[in-house]
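Student: Chains as they are written, first to last, in my numbering: chain A, 301 to 650; chain B, 41 to 470.
Simulated from the structure, these hints should not be mistaken for laboratory data. Any given hint could turn out to be false.
Stated by the list, open to error - Lysine-lysine pairs mimicking DSSO-like chemistry, simulated, CA-CA at most 27 Å apart:
{"no.": "1", "chain 1": "A", "residue 1": "Lys391", "chain 2": "B", "residue 2": "Lys161"}
{"no.": "2", "chain 1": "B", "residue 1": "Lys49", "chain 2": "A", "residue 2": "Lys461"}
{"no.": "3", "chain 1": "B", "residue 1": "Lys49", "chain 2": "B", "residue 2": "Lys85"}
What the hints assert, rightly or not - Here are a few chain A residues that sit away from chain B, every Cβ distance over 12 Å (derived from the structure):
{"no.": "4", "residue": "Pro367"}
{"no.": "5", "residue": "Thr448"}
{"no.": "6", "residue": "Val488"}
{"no.": "7", "residue": "Phe494"}
{"no.": "8", "residue": "Ala495"}
{"no.": "9", "residue": "Tyr504"}
{"no.": "10", "residue": "Pro509"}
{"no.": "11", "residue": "Ser598"}
{"no.": "12", "residue": "Thr599"}
What the hints assert, rightly or not - Quick list of the computed label-pair ranges, beta carbon to beta carbon:
{"no.": "13", "chain 1": "A", "residue 1": "Gly623", "chain 2": "B", "residue 2": "Lys161", "range": "32 to 42 Å"}
{"no.": "14", "chain 1": "B", "residue 1": "Ser190", "chain 2": "A", "residue 2": "Trp549", "range": "40 to 50 Å"}
{"no.": "15", "chain 1": "B", "residue 1": "Leu463", "chain 2": "A", "residue 2": "Thr357", "range": "37 to 47 Å"}
{"no.": "16", "chain 1": "A", "residue 1": "Ala546", "chain 2": "B", "residue 2": "Glu78", "range": "38 to 48 Å"}
Think of the CB as a built atom: it goes at the ideal place given N, C-alpha and C, for glycine as much as any other residue.
So you can see what is in the structure, the chains are spelled out below.
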Amino acid sequence: MALDVPASASGAKPPANGADGGVHEGFGLARPVADASPMAAEAAGFTQREARGHKVTRVVSPTISVPQRLREIWLSRELLVYLVRTEIKVKYKNSVLGLVWSMIAPAMTLAIYFIVFQFIAKNGIPHFVIFLFSGLLLWNLFQVGVQTATGVVVNNSAIVKKVSFPREILALASIGSAGVFFFFQAIVMVIFLFAFHSAPAWGYLPLLPLALLAALVLASGLAILLSAVNVYLRDTQHLIEVVMTAWFWACPIVYSFQSQVALRLSKHGVTWLYFLNPMTPLVLSFQRVLYGKVTVTSTVAPHLVVAELPPHSLAWYAGLDVGVLAAGLVVVYLGLVVFGRLEGNFAEEL
Amino acid sequence: MSEVAVDVKDISKRFRLAQGKYNSLKERVIHGMRTPSEEFWALNKVSLQVREGETVGILGRNGSGKSTLLKCICGVLQPTSGEVVVRGKLAGLLELGAGFQQDLTGRENIYLNGSLLGMSKKEVDKVFDAIVDFSELEEFIDGQVKFYSSGMYVRLGFAVAVNVDPDILVIDEVLAVGDERFQRKCIDRVKSFQREGRTILLVTHSPDQVRSICDRAVVLSHGDVVIEALPGEAVRIFREGLLEEEGTLLVPLPDEEPEPRSSVTTPPGPDVEHPVRITYIAHTYPRFEEVAYMSTGDTLTIGVGYHASIATNDVVFSLELRDSDGNCFMRTATDILDLRFDLPVGPGLVNFFLDDIPLLDGSFTYSVGVLSPGGVLYDWRDSAGSFEVMCPGKATGFITMPVRASLLPPEPEAIAQMAPEELAHLESQG
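Just chain A, same shape as in the assembly (with noise of 0.2 Å):
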């Protein structure tokens, strides 16, 4: 048989190709490459040798700028799919109820509130399940993609001490993998909502994507941020569950902010201060499209009339929906800038 020496012995060199310059975003170009002799495709046994023109260039440096980090992951879209698949197998492998399991713990916790909060400490508020859910479904979200994006780089060392990709999509993964439970809880909901005969706002619907936007890049950006800072300090994991816990009770999900804390706040002039918490316009958001109702009657006492949630516009939710989006594209950007900056040593910290 007759040697394959690499064709690129035979010229097909492009004109000007500088050893050290060019190379970087040299790529692309519809040239020859070494290996494209039909000898050493058919060797190889691929059709796509041939393709080899595209080479992709990568650069491995410490200082990767944020729109490169972005340009990065958009490419590994479909890694970070199959990353979401992945996690979730990994997550109840070995278990019997499999997926199941991602449903037993947020109904448990609903049927915790509405036991307390409807029976022993009544808050008389009406369809109390579905304003509770409502809140809940985003939270949940919120909550368990964070919470398991701080120990994904962590617990994957074994793939990131070998391989080289984007590490912020395994805390991208996370939260894909939070949104798939979601959308399972989202059906959930729906089928809440037929069973209690209770319409949702529909004037108020645009505000359900654009809350669970603002939620899902809040979220991204914590879970890139947390995720690196995790390698360094192993607290980070603890330290998140006792920060959301308190979390979740700043959030009006299990009581009503206009007709218990607005009040309240009001008087002191430091309603702002509760609006600080990012996830509360998003939480209000969610129950205004779900819950629907502004003003009902109270369970507790008949003759009573209450607001239950802020007697606003559709401009004065999505504005804040808006704001809350805004603030999480900053997280965004800083946990990219973290990141970069404590990801050169992941390989040595692991």
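Keeping the supplied structure of chain A fixed, place chain B upon it in accordance with the hints.
Tutor: Leaving out everything else, chain B in the frame of chain A:
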């Protein structure tokens, strides 16, 4: 010259050697947020260019920075300064094995690894069978990776790396594991990659592998590139470095060598028992002035200076060559060569010419003797001198011999079953 596939530009990598890592907040607070650390430069402004289709070996002792260099090239670690530009798809096997998620099965890990390397599911589908075939893990492919033995783990890792169609393959000492048969299979695959014009970077502890596979080799020591040279020479320097106790690798400069290389002086004077004494011994070969080693195929000349205190007839000079373990592998003498030397009183010189040295790499010594035809020893110099041989070619082993090989024409029945294009190919070859 083809294009640069891996361009390592002046990279340095600093590690902080923590005296115990403080990973928890409490520990950090106790120690004033500061980890007691020593700075340690694993790489010092290392530059290296690997062209497309080249196979480059990296040699170095433990802690010389070779794994760090490879990790930086793979992008798993970021250098502290400098940058690495990698052109093409890179698949790496770092420190025994690819990145496998312990809880996933072999099958799922193949897909995971494929997508980490930027392949779509369809692309992985295409090579999946080849991977399983190569790894020989058919029965275990649906078992979780955490139950794999280390050999299975490495096999799967290697199978994935070579089957995902990389432009650049980076292998870190991985060829050293697995049974011998699998090792050979891996090396065969590496060689077929070479034929296909792919780029290979190899870290290994086996100088033989470097010599037989690589086009070029780099020796690292304490984060510095000591030498970038042909495999033979790099291996020699690496070996010399290993011998150095202190760790600083000194490349001996030819002009530092004393000339003649070894000398033994004996005051001349009449001596009945030892009528002929050896006064000095020296050797030379082409390019003796320039390099500290000779190449396979060169002529080695060993000169034996003597002083005859009494005129002596029929003096025999003998020569022995030994390898580094002291085994004599060649002995000859002037009487065997049908030479007769009648020496008058006074000094003189006898030269042995060893044409076309068939030795491959190594360090060798020689011993010289002067004796009577009856075997009475007049003088003897054990391990009087030594010389180094370096093989510029790819042959490994101890010596080289002229070898030919040919492909026999196939049997008539086989020709009858051949495909038309195969026949055409055969005919074109005559």
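Student: Does A/Phe494 really sit off the interface, with its C-beta more than 12 Å from all C-beta atoms of chain B?
Tutor: Fine: 36 Å to the nearest Cβ keeps A/Phe494 off the interface.
Student: CB of B/Leu463 to CB of A/Thr357, is that within 37 to 47 Å?
Tutor: 44 Å, holds
Student: Taking the CB of B/Ser190 and the CB of A/Trp549, does the distance hold inside 40 to 50 Å?
Tutor: 49 Å, holds
Student: Cβ-Cβ distance between A/Ala546 and B/Glu78: within 38 to 48 Å?
Tutor: 40 Å, holds
Student: Non-interface claim for A/Ala495: all C-beta distances to chain B beyond 12 Å?
Tutor: 37 Å, holds
Student: A/Pro509 clear of chain B by more than 12 Å, beta carbon to beta carbon?
Tutor: For A/Pro509, whose nearest Cβ neighbour in chain B is about 28 Å away, the distance exceeds 12 Å, so it holds.
Student: If we take the beta carbon of A/Val488, is the closest beta carbon in chain B still more than 12 Å away?
Tutor: Nearest chain B Cβ is 28 Å from A/Val488, so the label holds.
Student: Given the hinted pair B/Lys49 and B/Lys85, is their alpha-carbon gap at most 27 Å?
Tutor: 8 Å, holds
Student: Should the label of A/Ser598 as a non-interface residue stand, given a Cβ cut-off of 12 Å to chain B?
Tutor: The claim holds: A/Ser598 sits with its nearest Cβ about 46 Å from chain B, beyond 12 Å.
Student: Within 27 Å, alpha carbon to alpha carbon, are B/Lys49 and A/Lys461?
Tutor: 22 Å, holds
Student: In terms of Cβ atoms, is chain B entirely out of 12 Å range of A/Thr599?
Tutor: 46 Å, holds
Student: Quickly compare the C-alpha distance for A/Lys391 and B/Lys161 to 27 Å and report which way the hint goes.
Tutor: Judged against 27 Å, a Cα distance of about 21 Å means the pair holds.
Of the numbered hints given earlier, the model fails none.
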